[in-house]
Amino acid sequence: METAPKRTNYLNADYGIRSWLLTLDHKRIGILYLISITLMFLLGSLFAVLIRLELLTPAGDFVQADTYNKLFTMHGIVMIFFFLVPSIPAVLGNFLLPLMIGARDLAFPRLNLMSWYVYMVGGIFTLWAIITGGVDTGWTFYTPYSTTASHSNVLMTAVGIFITGFSSILTGLNFIVTIHTMRAPGLTWFRLPLFVWAHYATSLIMILGTPVVAITIFLVGIERAFGLGIFDPALGGDPILFQHLFWFYSHPAVYIMILPSMGVISEIITCFARKRIFGYEFIAVSSLAIAVFGFLVWGHHMFTSSQSVYAAMIFSILSFAVAIPSAVKVFNWTATLYKGSISFEAPMLFAMGFIGLFTIGGLTGLFLASLGLDVHVHDTYFVVAHFHYIMVGGALMGYLGAIHFWWPKMTGRMYSEWAAKVSAVLVFVGFNLTFFPQFVLGYLGMPRRYHAYPDEFQVLNVMSTTGASILGLGYLVPLCYLTWSLWRGPLASANPWKAAGLEWTTPSPPPTENFETTPVVEEEAYTYPLKEAEVV
Amino acid sequence: MSSSTTVAHQFDDAAQQKRASTLGMWVFLVTEVMMFGGLFTAYVVYRSLYPEAFAQASHHLNAELGAANTLVLLGSSLTMALAVRSAQLGKRAGTVIGLIATIVLGSVFLGVKAYEYSHKFHENLIPGPSFVFPGSEADHAQLFFSLYFAMTGLHALHMVIGVGILGTLTVMAARKRFSAEYHNPVEIGGLYWHFVDIVWIYLFPLLYLLGRH
Chain X
1 METAPKRTNY LNADYGIRSW LLTLDHKRIG ILYLISITLM FLLGSLFAVL IRLELLTPAG
61 DFVQADTYNK LFTMHGIVMI FFFLVPSIPA VLGNFLLPLM IGARDLAFPR LNLMSWYVYM
121 VGGIFTLWAI ITGGVDTGWT FYTPYSTTAS HSNVLMTAVG IFITGFSSIL TGLNFIVTIH
181 TMRAPGLTWF RLPLFVWAHY ATSLIMILGT PVVAITIFLV GIERAFGLGI FDPALGGDPI
241 LFQHLFWFYS HPAVYIMILP SMGVISEIIT CFARKRIFGY EFIAVSSLAI AVFGFLVWGH
301 HMFTSSQSVY AAMIFSILSF AVAIPSAVKV FNWTATLYKG SISFEAPMLF AMGFIGLFTI
361 GGLTGLFLAS LGLDVHVHDT YFVVAHFHYI MVGGALMGYL GAIHFWWPKM TGRMYSEWAA
421 KVSAVLVFVG FNLTFFPQFV LGYLGMPRRY HAYPDEFQVL NVMSTTGASI LGLGYLVPLC
481 YLTWSLWRGP LASANPWKAA GLEWTTPSPP PTENFETTPV VEEEAYTYPL KEAEVV
Chain V
537 MSSSTTVAHQ FDDAAQQKRA STLGMWVFLV TEVMMFGGLF TAYVVYRSLY PEAFAQASHH
597 LNAELGAANT LVLLGSSLTM ALAVRSAQLG KRAGTVIGLI ATIVLGSVFL GVKAYEYSHK
657 FHENLIPGPS FVFPGSEADH AQLFFSLYFA MTGLHALHMV IGVGILGTLT VMAARKRFSA
717 EYHNPVEIGG LYWHFVDIVW IYLFPLLYLL GRH
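If you read the sequences in order, they're chains X and V. Under the numbering used here, the residue at position 344 of the first sequence is numbered 344, and the numbers go up by one with no gaps. Under the numbering used here, the residue at position 1 of the second sequence is numbered 537, and the numbers go up by one with no gaps.
Just so you know, the hints here were simulated from the structure itself, not pulled from any lab data. Each hint should be verified, as a subset may be incorrect.
Pairs of lysine to any residue, SDA-like flavour, derived with a Cα cap of 20 Å [to be verified]:
{"id": "1", "chain 1": "V", "residue 1": "K554", "chain 2": "X", "residue 2": "P109"}
{"id": "2", "chain 1": "V", "residue 1": "K656", "chain 2": "X", "residue 2": "P109"}
{"id": "3", "chain 1": "V", "residue 1": "K554", "chain 2": "X", "residue 2": "L111"}
{"id": "4", "chain 1": "X", "residue 1": "K421", "chain 2": "X", "residue 2": "V477"}
{"id": "5", "chain 1": "V", "residue 1": "K554", "chain 2": "X", "residue 2": "R110"}
{"id": "6", "chain 1": "V", "residue 1": "K627", "chain 2": "V", "residue 2": "R713"}
{"id": "7", "chain 1": "X", "residue 1": "K421", "chain 2": "X", "residue 2": "T512"}
{"id": "8", "chain 1": "V", "residue 1": "K554", "chain 2": "X", "residue 2": "K421"}
{"id": "9", "chain 1": "V", "residue 1": "K554", "chain 2": "X", "residue 2": "G356"}
It should be emphasised that the depicted structure is a prediction, and the values quoted were computed from it without experimental measurement.
For reference, chain X alone in the conformation it holds in the complex (with noise of 0.2 Å):
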């Protein structure tokens, strides 16, 4: 059936403001937190261009201490709370849970929409909190410096991620009941794509982390607003039961931001590779397992925190064995390539790159956990070159990777592929020449949230600026094609890449309702290499 332009589809099926605003189809909604947490990307990275313009030179010339400090602190805020946490859930997750579960909507469209605006609101507290001044005291918030000493912003952006928190909560829940109650007939458990059970993972952590920082920050909220002292130790209060309570979701929150992407990394592997993902059930556990784990092993951001050392050598163990479900994934995934018919695609870029970087951030994962050589460099570049490998090599890498796979599907429209790869050429150049430099300036010892530095390390921050500015051509190239695409592109076929998946039986873009009659699942998932019939 080929698609004739008049088909009326989610996109065409309504028009106007409105429309969009009050719209209750996944897909749209998925849309809507597309271009709002893109918006909020571009100001994360604005905050990063200014980081690293300072530190170009060893001197404080650019910029002074203090807006320094609200510069890393509005970069970590925007970057965690308003891109990364709801980067693939929020927008893919929501886009492609339903189709690719084989049903019409999430279990509760409303809520979905609500969830949006939650998103929404908490997002214009935070940015008045930054136009009107901005906030010091790192994303982390730790007391009795945020409550006591800063003279910033920081009860206005407390609300605002208390409030965002809640749309993050929202979008668990609503995942969680769909995965349960909304399967389509013949779609067991284990027939479900990976990307589900990597979303199914994540709601977890969602539903259990969120509230926990939601009621701390709640704590720091009506500490500085009515001078209580909960964490004060000048009042007997104990910062170190916050720094307890924010990692206790903090850390998990690092695999909410990771595990949609591994979910991503499954489906695109697979796909260029031509074969069935090797060890379906490995990967699919590996995620649960994950979700449980990161909330064991939150104490490792506290080795130097007079936390007891009995309890620092359980959490380090504890952090070790997050590598193993990790490594599964990593090995799977490998094995997958292995004698498959492999062609390299832009997302299969994208995909690859994530291997490599994500495998590196993991291993130096395993540096920082062990107590002794975290306690050599803790708070140096070692610690933000390690979560930018993580974060960015790995979440934004497959987001990346995500958007590009999928976006035939999203808007029916092909972009330039030739641009797409040098798109991900430049930012895997650019994203290794910004932060390998970081390792080794941690290892030397040049602590992290400083504006100034010693003359010995400038080569090596030098050299992470000019990578960092080829990585922000790589992000913005894309913005270019994509949205040139969208009134340029080729039309897109119902399934370009030849990819299985229930959401590549339905037109690009899908209809409101997603597929005209509900479909049955007969076998398991990624039956490659697909048979000719089964190619749309």
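We have chain X; now place chain V onto it with these hints.
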């Protein structure tokens, strides 16, 4: 197919819709447990750090009023359960009466709570600049009252929302929106109400009774 009008378009049938909304409420209650869990953790940590101050401070709470409120709330859970049972049997009058009784008892609880709060205000036990506490560990006692107001305040907020939900359910029930086949909103509202009740069952001994002889 009398119930087809109440099944949302994304569901295949009423049974699927019921499974989804019931699971949704349970998942929501899990997040609530985690949210209160953060406060309970803070309370337990400080209680073990400053047992003396916390015991003294808790003497300033009115255990009799707390106990009375516990009974009121337990009673409201009974009337809520009766409302759910009536809804299951399709008895409209019983559902409406049960819901109204629950709202009344919930409001009584909130009234008593408000009276307790105002009493604390007159005794200068509201944390902040005007906080006055006899004894050497005033700062630690202030921690107790900070947590007391945070925990009971968050609980009271849930009660207020609960009363709002029950009010909506009452109107829906009075307008014959429910039947023996379709009454899931009442059941889900009941789940929420019982949860809020259970939170108080933990708050009362922790805040009012522990350390009292």
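So, going through the hints one by one against the coordinates:
no.: 1; hint: V:K554 <-> X:P109; in the structure: holds, 15 Å
no.: 2; hint: V:K656 <-> X:P109; in the structure: violated, 44 Å
no.: 3; hint: V:K554 <-> X:L111; in the structure: holds, 16 Å
no.: 4; hint: X:K421 <-> X:V477; in the structure: holds, 10 Å
no.: 5; hint: V:K554 <-> X:R110; in the structure: holds, 16 Å
no.: 6; hint: V:K627 <-> V:R713; in the structure: holds, 12 Å
no.: 7; hint: X:K421 <-> X:T512; in the structure: violated, 32 Å
no.: 8; hint: V:K554 <-> X:K421; in the structure: violated, 47 Å
no.: 9; hint: V:K554 <-> X:G356; in the structure: violated, 45 Å
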